[in-house]
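All chains, full assembly: derive it from the sequences and hints.
Using the numbering used here, the first residue of the sequence shown is number 1, and each one after it goes up by one.
In case anyone wonders, no lab produced these hints; they're calculated from the structure. Take every hint as true, because none was put in to throw you off.
Here are the simulated lysine-lysine pairs, PhoX-like style, with alpha carbons at most 20 Å apart:
1. LYS260 / LYS166
2. LYS123 / LYS141
3. LYS131 / LYS112
4. LYS109 / LYS76
5. LYS260 / LYS175
6. LYS131 / LYS109
7. LYS64 / LYS54
8. LYS131 / LYS10
9. LYS54 / LYS10
10. LYS76 / LYS112
11. LYS18 / LYS123
12. LYS109 / LYS10
13. LYS228 / LYS131
14. LYS112 / LYS64
15. LYS141 / LYS228
16. LYS76 / LYS64
17. LYS54 / LYS76
18. LYS109 / LYS64
19. LYS10 / LYS141
20. LYS141 / LYS131
Label-pair distances were calculated between CB atoms; the ranges are:
21. GLN51 / PHE240: 24 to 30 Å
22. PRO99 / ASP15: 18 to 24 Å
23. GLU62 / PRO168: 44 to 50 Å
24. ALA63 / SER24: 27 to 33 Å
25. ASP233 / ASN11: 35 to 41 Å
26. ARG201 / TYR161: 22 to 28 Å
27. ASP165 / GLU57: 35 to 41 Å
28. ARG162 / ASN236: 23 to 29 Å
29. ARG263 / LEU2: 37 to 43 Å
30. MET178 / PRO61: 48 to 54 Å
31. MET178 / ASP233: 19 to 25 Å
32. ASP15 / ALA63: 18 to 24 Å
33. GLY234 / LEU2: 25 to 31 Å
Idealized CB from N, CA, C, for every residue including glycine.
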Amino acid sequence: MLNQLTENVKNLTSDVAKFIRNESKNFDRNKIEIKGLNDLVSYVDREVENQIVKVLEELLPEAKFITEENPDFKQKTNADYHWIIDPLDGTTNFLHNLPIFAISIGLMKGDKMVLGVVHEVNKDECFSAYKDGGAFCNNEKIQVSSIQSLSNSLLATGFPYRDFDKVPYYLDIIKEFMQCTHGLRRMGSAAVDLAYTACGRFEAFFEYNLNPWDVAAGTLLIEEAGGKVTTFDGGNDFIFGRELVASCGIQTEMLAIIQKYWRR
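This is how it looks when you write it as structure tokens:
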């Protein structure tokens, strides 16, 4: 079931990616809506989400939804299955014509992710995984980096927008990582960061103030590619816990530095 369902979702994201690329050519920035501080949305986000939900309802009728743009689909229910969807992760990049954004679709059974697809739109790279089936990019098997030391690692992160009380702690963490790694990158899409960590382009990714739709698919990619995902304190509630660290073989070193400075 999961194998075929994954193929169906990959086909869906391929079609949707074509729509997004086409819309980006003539996008009118006057059509941007502001949901909140540093929180933007466009008609493309909403149209893509509608397209995705319509197809997924047919693929798995018993599943419920947790999505970014529909206020009726924000909370987990008592259903066995939930699709967790970000129709356009990296909306701000899209709106500013920065070419890094992705479609993210994950399927949760109970409280475990069992399917994940992240489709980076402009590179047309489709990262996919299902439980115990491995992780792939455009049908080629991927693995996390073989690097085992923080000093040889390239990290990805984001910034805790809308929670500015945490910024001083976060900057302390970044400052130390700047002094003991090959560097940090801020791509603007957590889904892309996780996909790139799963295929070894980054050794690790960490971020605070995340939403389930940002990370649901990508965390399964990490696990199926041989990596590790936890919250900042080493826990397992990284889908709904709003924070995570994902890495290859450097999780212990990552957590030690984060826990040195982080305050709740």
